[in-house]
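Peer 1: Residue strings, one per chain:
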Amino acid sequence: GQQLNQSPQSMFIQEGEDVSMNCTSSSIFNTWLWYKQDPGEGPVLLIALYKAGELTSNGRLTAQFGITRKDSFLNISASIPSDVGIYFCAGRFSGGGADGLTFGKGTHLIIQP
Amino acid sequence: DARVTQTPRDKVTEMGQEVTMRCQPILGHNTVFWYRQTMMQGLELLAYFRNRAPLDDSGMPKDRFSAEMPDATLATLKIQPSEPRDSAVYFCASGLVPDGDRVNAEAFFGQGTRLTVV
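If you read the sequences in order, they're chains G and U.
The numbers in the first sequence follow the numbering used here, run straight up by one, and end at 113.
The numbers in the second sequence follow the numbering used here, run straight up by one, and end at 1118.
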């Protein structure tokens, strides 16, 4: 099946720093989504991207759908303590008509005050 | 505040017992997904339904797992008999896929059921 490579696996940063993480795939996806998961909770949708090259912002978060349709990145500007959590990329494969999402393994974001 | 509701939040059971997990999707959503999350495998799609009809259950072990939607407000995932390797967090998610003519892949997740099989 399709696999997503998400990096980095974890990040230790200082409060106020900018954060960047990305996902790559060997397959073409027609949709990219970014989720955040807090401990004991389900993933919460942050941003959805539907067109190659699309750049979308949600507050301090910015995500882009790569031109090749095989990658996406998420940036967080001026990180704050509540940004701590696990960030997942997810993609919907463009072939086969399947609607389920394929998830990356996640990026653990840890912020030191 | 519309949200996906899952019960129970936590379940500890003995190997061999039947486990049933329940999900109430967001009202108006036509697609319900079941995912399993483990440390080793991450989030994996088990099955999903569109308008209560099963569309894909290829991610689900067929011999012991079953998923149903008795009505539009209830989805169930059953494991019988349960095994220790089934220990994981099981998430239900719902979405409106498609949304009219709009391509929509957005899935909204519940809080999950943490299953421990001993």
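Bear in mind the hints are in silico, worked out from the structure with no lab data behind them.
Incorrect hints may have been included.
[To be verified] With a cut-off of at most 30 Å between alpha-carbon atoms, the simulated DSBU-like pairs for lysine-lysine come out as follows:
#1 Lys-51(G) - Lys-105(G)
#2 Lys-70(G) - Lys-51(G)
#3 Lys-70(G) - Lys-105(G)
#4 Lys-1062(U) - Lys-1078(U)
#5 Lys-105(G) - Lys-1078(U)
#6 Lys-1062(U) - Lys-105(G)
#7 Lys-1011(U) - Lys-1062(U)
#8 Lys-1011(U) - Lys-1078(U)
#9 Lys-105(G) - Lys-1011(U)
Peer 1: Compare the distance between the alpha carbons of Lys-105(G) and Lys-1011(U) with 30 Å, and conclude whether the hinted pair is satisfied.
Peer 2: holds, 25 Å
Peer 1: For a C-alpha distance cap of 30 Å, please report whether Lys-1062(U) and Lys-105(G) respect it.
Peer 2: holds, 25 Å
Peer 1: Would you check the hint for Lys-70(G) and Lys-105(G), treating anything up to 30 Å between C-alpha atoms as holding?
Peer 2: Status holds; Cα separation ~16 Å.
Peer 1: Take the C-alpha atoms of Lys-1011(U) and Lys-1078(U), compute the straight-line distance between them, and say whether it is at most 30 Å.
Peer 2: holds, 13 Å
Peer 1: So if I understand the rule, the pair passes when the alpha-carbon distance is 30 Å or less; does Lys-1062(U) with Lys-1078(U) pass?
Peer 2: holds, 11 Å
Peer 1: Please work out if Lys-1011(U) and Lys-1062(U) have their alpha carbons no farther apart than 30 Å.
Peer 2: holds, 21 Å
Peer 1: Would you mind confirming whether the straight-line C-alpha gap from Lys-51(G) to Lys-105(G) stays at or under 30 Å?
Peer 2: Roughly 23 Å separates the two Cα atoms, so the pair holds.
Peer 1: Going straight from one Cα to the other, do Lys-70(G) and Lys-51(G) come out at no more than 30 Å?
Peer 2: holds, 12 Å
Peer 1: Taking only the CA atoms, is the gap from Lys-105(G) to Lys-1078(U) under or equal to 30 Å?
Peer 2: holds, 26 Å
Consistency with the previously given hints is maintained throughout, with no hint failing.
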